[in-house]
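Enquirer: Those protein sequence lines, which keep their order, are chains A and B. Number 261 in numbering that gives the first Met the number 0 belongs to position 262 of the first sequence; there are no gaps in the numbering. Number 383 in numbering that gives the first Met the number 0 belongs to position 384 of the second sequence; there are no gaps in the numbering.
Treat the hints as calculated values from the structure; they're not laboratory data. Heads up, a few of these hints could be off.
For identical chains, the list gives no copy identity; a pair is met inside one copy or between any two copies.
Said to hold, decoys possible - In silico DSS-like links for lysine-lysine, alpha-carbon gap of 27 Å or less:
id : residue 1 : residue 2
1  : K284      : K124
2  : K380      : K470
3  : K355      : K54
4  : K380      : K304
5  : K124      : K355
6  : K380      : K275
There are 2 protein chains.
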Amino acid sequence: MRKFLSYFILLLFPAWLFAQSEETLRIRTIRQQRENIWLQEYIRFLSIPNIAVDKNGLHRNAAFIMQMMQQRNIQRVQLLSDGNAATTPAIYGEVIVPGATQTLIFYAHYDGQPVDSSQWARGLKPFVPRLVKGSLEQGAAITAFPSGAGKYDPDWRIYARGASDDKAGIMAILNGYEAVKRAGLPLSYNIKFFFEGEEEAGSPNLGGIFDKNRELLRSDLWVICDGPVHQSGKKAILFGARGDAHVDITLYGATRPLHSGHYGNWAPNPGLMLAKLLASMKDEKGRVTIRGFYDDVIPLTEQEKKALRDMPPVGNQLKEELHFVGEEMPGVDLGEAIMLPSLNINGMQSGNTGAKASNVIPTTATAVLDLRMVPGNDYKKQQDRVINHIREQGYYITEEEPTDAERAIFSRIARVKKSGGYNAQRTPMDLPVVQNVIEAVKSTTTDKVVLIPTMGGSLPLFLFENYLKAKTITVPVANHDNNQHAENENIRIRNLWNGIETMAAIMTVLPGS
Amino acid sequence: MRKFLSYFILLLFPAWLFAQSEETLRIRTIRQQRENIWLQEYIRFLSIPNIAVDKNGLHRNAAFIMQMMQQRNIQRVQLLSDGNAATTPAIYGEVIVPGATQTLIFYAHYDGQPVDSSQWARGLKPFVPRLVKGSLEQGAAITAFPSGAGKYDPDWRIYARGASDDKAGIMAILNGYEAVKRAGLPLSYNIKFFFEGEEEAGSPNLGGIFDKNRELLRSDLWVICDGPVHQSGKKAILFGARGDAHVDITLYGATRPLHSGHYGNWAPNPGLMLAKLLASMKDEKGRVTIRGFYDDVIPLTEQEKKALRDMPPVGNQLKEELHFVGEEMPGVDLGEAIMLPSLNINGMQSGNTGAKASNVIPTTATAVLDLRMVPGNDYKKQQDRVINHIREQGYYITEEEPTDAERAIFSRIARVKKSGGYNAQRTPMDLPVVQNVIEAVKSTTTDKVVLIPTMGGSLPLFLFENYLKAKTITVPVANHDNNQHAENENIRIRNLWNGIETMAAIMTVLPGS
Numbered sequence: 000m001r002k003f004l005s006y007f008i009l010l011l012f013p014a015w016l017f018a019q020s021e022e023t024l025r026i027r028t029i030r031q032q033r034e035n036i037w038l039q040e041y042i043r044f045l046s047i048p049n050i051a052v053d054k055n056g057l058h059r060n061a062a063f064i065m066q067m068m069q070q071r072n073i074q075r076v077q078l079l080s081d082g083n084a085a086t087t088p089a090i091y092g093e094v095i096v097p098g099a100t101q102t103l104i105f106y107a108h109y110d111g112q113p114v115d116s117s118q119w120a121r122g123l124k125p126f127v128p129r130l131v132k133g134s135l136e137q138g139a140a141i142t143a144f145p146s147g148a149g150k151y152d153p154d155w156r157i158y159a160r161g162a163s164d165d166k167a168g169i170m171a172i173l174n175g176y177e178a179v180k181r182a183g184l185p186l187s188y189n190i191k192f193f194f195e196g197e198e199e200a201g202s203p204n205l206g207g208i209f210d211k212n213r214e215l216l217r218s219d220l221w222v223i224c225d226g227p228v229h230q231s232g233k234k235a236i237l238f239g240a241r242g243d244a245h246v247d248i249t250l251y252g253a254t255r256p257l258h259s260g261h262y263g264n265w266a267p268n269p270g271l272m273l274a275k276l277l278a279s280m281k282d283e284k285g286r287v288t289i290r291g292f293y294d295d296v297i298p299l300t301e302q303e304k305k306a307l308r309d310m311p312p313v314g315n316q317l318k319e320e321l322h323f324v325g326e327e328m329p330g331v332d333l334g335e336a337i338m339l340p341s342l343n344i345n346g347m348q349s350g351n352t353g354a355k356a357s358n359v360i361p362t363t364a365t366a367v368l369d370l371r372m373v374p375g376n377d378y379k380k381q382q383d384r385v386i387n388h389i390r391e392q393g394y395y396i397t398e399e400e401p402t403d404a405e406r407a408i409f410s411r412i413a414r415v416k417k418s419g420g421y422n423a424q425r426t427p428m429d430l431p432v433v434q435n436v437i438e439a440v441k442s443t444t445t446d447k448v449v450l451i452p453t454m455g456g457s458l459p460l461f462l463f464e465n466y467l468k469a470k471t472i473t474v475p476v477a478n479h480d481n482n483q484h485a486e487n488e489n490i491r492i493r494n495l496w497n498g499i500e501t502m503a504a505i506m507t508v509l510p511g512s
Numbered sequence: 000m001r002k003f004l005s006y007f008i009l010l011l012f013p014a015w016l017f018a019q020s021e022e023t024l025r026i027r028t029i030r031q032q033r034e035n036i037w038l039q040e041y042i043r044f045l046s047i048p049n050i051a052v053d054k055n056g057l058h059r060n061a062a063f064i065m066q067m068m069q070q071r072n073i074q075r076v077q078l079l080s081d082g083n084a085a086t087t088p089a090i091y092g093e094v095i096v097p098g099a100t101q102t103l104i105f106y107a108h109y110d111g112q113p114v115d116s117s118q119w120a121r122g123l124k125p126f127v128p129r130l131v132k133g134s135l136e137q138g139a140a141i142t143a144f145p146s147g148a149g150k151y152d153p154d155w156r157i158y159a160r161g162a163s164d165d166k167a168g169i170m171a172i173l174n175g176y177e178a179v180k181r182a183g184l185p186l187s188y189n190i191k192f193f194f195e196g197e198e199e200a201g202s203p204n205l206g207g208i209f210d211k212n213r214e215l216l217r218s219d220l221w222v223i224c225d226g227p228v229h230q231s232g233k234k235a236i237l238f239g240a241r242g243d244a245h246v247d248i249t250l251y252g253a254t255r256p257l258h259s260g261h262y263g264n265w266a267p268n269p270g271l272m273l274a275k276l277l278a279s280m281k282d283e284k285g286r287v288t289i290r291g292f293y294d295d296v297i298p299l300t301e302q303e304k305k306a307l308r309d310m311p312p313v314g315n316q317l318k319e320e321l322h323f324v325g326e327e328m329p330g331v332d333l334g335e336a337i338m339l340p341s342l343n344i345n346g347m348q349s350g351n352t353g354a355k356a357s358n359v360i361p362t363t364a365t366a367v368l369d370l371r372m373v374p375g376n377d378y379k380k381q382q383d384r385v386i387n388h389i390r391e392q393g394y395y396i397t398e399e400e401p402t403d404a405e406r407a408i409f410s411r412i413a414r415v416k417k418s419g420g421y422n423a424q425r426t427p428m429d430l431p432v433v434q435n436v437i438e439a440v441k442s443t444t445t446d447k448v449v450l451i452p453t454m455g456g457s458l459p460l461f462l463f464e465n466y467l468k469a470k471t472i473t474v475p476v477a478n479h480d481n482n483q484h485a486e487n488e489n490i491r492i493r494n495l496w497n498g499i500e501t502m503a504a505i506m507t508v509l510p511g512s
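Bound-form chain A, shown alone (with noise of 0.2 Å):
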C-alpha cells in the first residue's frame, strides 16, 4: 500500500524533484567514506596563507596543490608561467580519456584576498581554520574539529581566509575528481584542471599565461568553479559577468581650505558642486541619466528571459538580511537590475567629517565611480559617456591637476581619471556542451537550478575569449554569506559536499546518460 502511494505520488510530481541521480548517489557513499580525511586536507590546504604579498606562502600553496593531484593521479602536473620569474605560476593537470571526444577544464584559483587579522571576531585568525556550529554572525559557538567520519554537521562552517574563495573550488573541484574515480564511474571528456595564483590581484599575467600554454589549454569549455551558489541557497550556473570600469572625479574649488564663516557662500564650495554632479547621474527611480548610457545593451534572448523569470525572488529574503527596504529602481527585482549596466559611488569625500571636521570650505572633493558593462556595452565608450556627461554641466575636463592658468579661466573643472577595465562576456546557453553542464548539474539535486544569464560581478572571462578564442561557464560552490573578501570569511560544510557532487556529475553525465 505505501509502494503504491509512492508511485501514485511519483506520477503527480513533476521530473526535476526526482532527478538525483544514481552517479549522485554513489559519489555521496564515497563522499561519506572520506569526508574526515578529505576535511583534515582541507584544514592543512587552509593553514598556509595565499596573500600577494606573501609570495612564499603562494608558492607552498602551489607545492601542496601539485601533492594533491598527484595523489589522486591526474598526469601531467606543472607549474605554468607566462616567462617572467616574478609571476606566481598557475598549476596545471589533465586527465586523457580513451575515445573522449571533447575537452573540459576546470578552472579555480589558490589566492586569497588580502587580510587584516585585527578585524577577524572573536580572536579567528584568517591562517588558522577554526570549526564553527553555524555561522559566528549569528552567535554559533566555535568548536573543536572531531576526529572521525560523519561527525561534522553540514550546518557548521570552516572560517579561514581563502575557505570560500576560492580553495573551496580546488577542494570541490579535486575530490570531485577522486569521487568519480573511486565510485567507478566512466569519464565522459578529457578533464583539465588550472589553478591561478594571481585571481584576487587582478589576473595582470593570466593572458600572458594563456599565450604561452595555448595548446595545452585548449578545451571545448572551461567550467570555472568560483564565487557563492544563488542567495536562495539553490544550486546556480552563470552564463557570464558583468564587465567593470572606473571613473575618478576630483573637482576643485579656492586652492586654499576657506573660513567658511568668512567666505561661505561666496567661494565655491566643491563639495555641494560635486553633490549636484552626482545627482545629477540618476533620475528618481533610479535609472542613469546619462546620455547613451542603455543605448548598446544587447537585449536577452528568450531563453535567457525565460530563465531570468525562474530565478526565485529573493528580494525579500535579501533586505530583511542587510535590513532595508528600498530598491534603488523601485520594483526592480535584483535579478533584473543585474541584467543593466550599471553606475555606483564606491566612495565620495570632501573635507572632513565627524570629530576632523572644521568649519572650512573643502579645496578639492573627489568620488570614484564604478561603472558595470553588460554584453553589447563597450567600457571604454561607458567611461566617456559619463566624462562627455561632466562636460555637458558645464565643466571643463582635464587628466592632470588643473593649472593657475585653467583655474583662472573656468569656474568649472573637473579631473577624471579612467582606469583600465574590460567588458562583460556571456556564454550563449543553447551550446550543446552548455547544455551538457546544465543537465548534469540538475542531475545532483531535487531543486530548482538556477540559471543565471550574467553575474552581477565581474570576472576577466574577456581574457579566455580574447587569447583562448574559449567559452567559460561559472558553477560556483560557496554559501552567499560567506563573507568573501572580508573578514570572517567561512564555507558552509554542507556547500562543499555538494559541490563535490556537482564537479563530479559535470565530469561524467552526458544528455540522456
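Please build the complex by placing chain B on the supplied structure of chain A, with the hints as guidance.
Expert: Just chain B now, with coordinates in the frame of chain A:
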C-alpha cells in the same frame, strides 16, 4: 614755488587724504623710538606656548601679560575667574581717568589654536618666532632679528603661533596705551583691559567669568581687537558677526558593505542619496532653497547699506589669490554674500576614495553642514528648517543610530545631530560712542576705513550681550593673509605699527577733538 604747488594740490584733494591727525604723528614718533624694545618683548611673548592642552604654558602667558601691564602702570591688574580652578583665567586691568564719563574696555585673547609643528614650512617652529623678509609662501627669506631701532622693514613678517591671532591684539592695545602716555596725550575715557585665555577653545567659561565680575567689567563699549583687517589692506571696523551652528547628517543603506557588482543599482547607495539631498538644498544661483531660510533676516539700515556700497571690492583680488573664477552666487560680491544666512558643506564622506577605494556600496554617507546666522535669525529655527527640509525629501528623522525595526519600515532614514550654536550680533553704527571710535580710526589713516556691518565669521558676542548687556565692535589688526588657525601663522610688522596707532587713537580721540 614748490610750496605754492603743494598748497594748490592740497586744495584739490578730498579731506580724508589728509585725515592723519597730529596725535597720530606723535604716536608714530614714539613707536619709532620704541619699536626695537617692543619687538624684543613681543618675541619673548610669542616664545611662550599658548595652546589649550598646555595649561602651564597658558599660565606663563598670563603672568607675562600681567608683568607687561604693571610695567605700563596699569592699575588693579588681576586674574578673573568663574570660580572654577580648571578655568584658564582672563586678565583684567584698568586706568581710571578723572572727569571721564565713559568707559571703553579693550578685549584680546592670549590663547592660540592647536598646532602641528610638522606642518610648518622650512623648519619653522610655532614657538620659536622667526623674522621673514616678506611672505614665506611667496618665497621670502628667513632672516635674523636685527638689533637697534628702525632696522625692521614694515613689510617683513614674524612667524609664530599667536603672532596674529591674537597676541597681536594684546601687543597693539598695551603699546597703544603706552604710546599715549609717553606722548603725553590725554585719555578720553576710562580704559579697561580684558584678555581672555580660552577663546580658541570656544570660550566655554567666558559667561561664567562675566557673571562673577559684572561690576568690574561695566563699560560703554567693548572694543574687540581680533581678526584680520580688510582684504584690501585697509583698516576695518566690524559692527557684528554672524552666528554659527551645525547640523550633521548620516544616511543609511544596507547594514554591511555590499559588492557593487553583485548588488549595484539594486541596493540603495547612501552616497547617491546624500548627493541628491545636498543638491536639493541650493539652486543653480547658489541660493538656499530650504523653506523659510531667508525669512527672518532683518534688513540692513540705510547706513549699513551705504557702508556695504562703500566697501572696496575685493572679489577679483581674492579670486586671483585663491585661483577660482566663479562665485557660488554668480555676480554676488563677498560683502553682500556675508550679509545673508548661509549653508555650507564643511565635509562629506561615503566609503573611501583614492587608494583605499573598493568595489562596494557604502553602508552610510555623512555630511557636516555649517549654518551662519545674521541678525533676525534664530539658530535653532535654522537648524530645524534644515531638518524639516530633509523630512520633506521623504526622510524619517532620528537622532540615534537607526534600529532594525526602523530600518524595516523606512526606505530613507536620516540621523541628524544639531550641535550647539549661537545667534548673530550687530551693534548699531549710529550710537554716539561707536561714532567716536569710527572717527578715531579714521584719524589715523589717509585711506578710507572699511565699515563692515557684519563679519562673515562668528564670535560669541552674544555672551557680552546676555551677561553684561554690553555693546561690542571689532577693530582688527592682522594682515588678511596671516594663516590664522593654520600652519605658518604670521603678522606683518606694518600691521603691528598700524594697530598701535589705531588703539592709541581710540583711547584719545573724541569727535571734533
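Enquirer: Hint by hint, note whether the structure agrees.
Expert: Status of the hints after comparison with the structure:
For a Cα distance limit of 27 Å, the shortest separation of K284 from K124 qualifies neither inside one copy, at 43 Å, nor across copies, at 55 Å. Taking identical chains as interchangeable, the C-alpha atoms of K380 and K470 lie at most 27 Å apart only when both belong to the same chain, with a minimum of 25 Å there against 64 Å between chains. In this assembly of identical chains, K355 and K54 lie within 27 Å of each other by CA distance solely across copies; the values are 23 Å between and 38 Å within a copy. For the homomeric pair K380 and K304, the shortest alpha-carbon distance inside one copy (26 Å) is at most 27 Å, but the shortest distance between copies (54 Å) is not.
For the homomeric pair K124 and K355, the shortest alpha-carbon distance between copies (23 Å) is at most 27 Å, but the shortest distance inside one copy (32 Å) is not. For a Cα distance limit of 27 Å, the shortest separation of K380 from K275 qualifies both inside one copy, at 23 Å, and across copies, at 26 Å.
Against the hints set out earlier in the document, a violation occurs for number 1 only.
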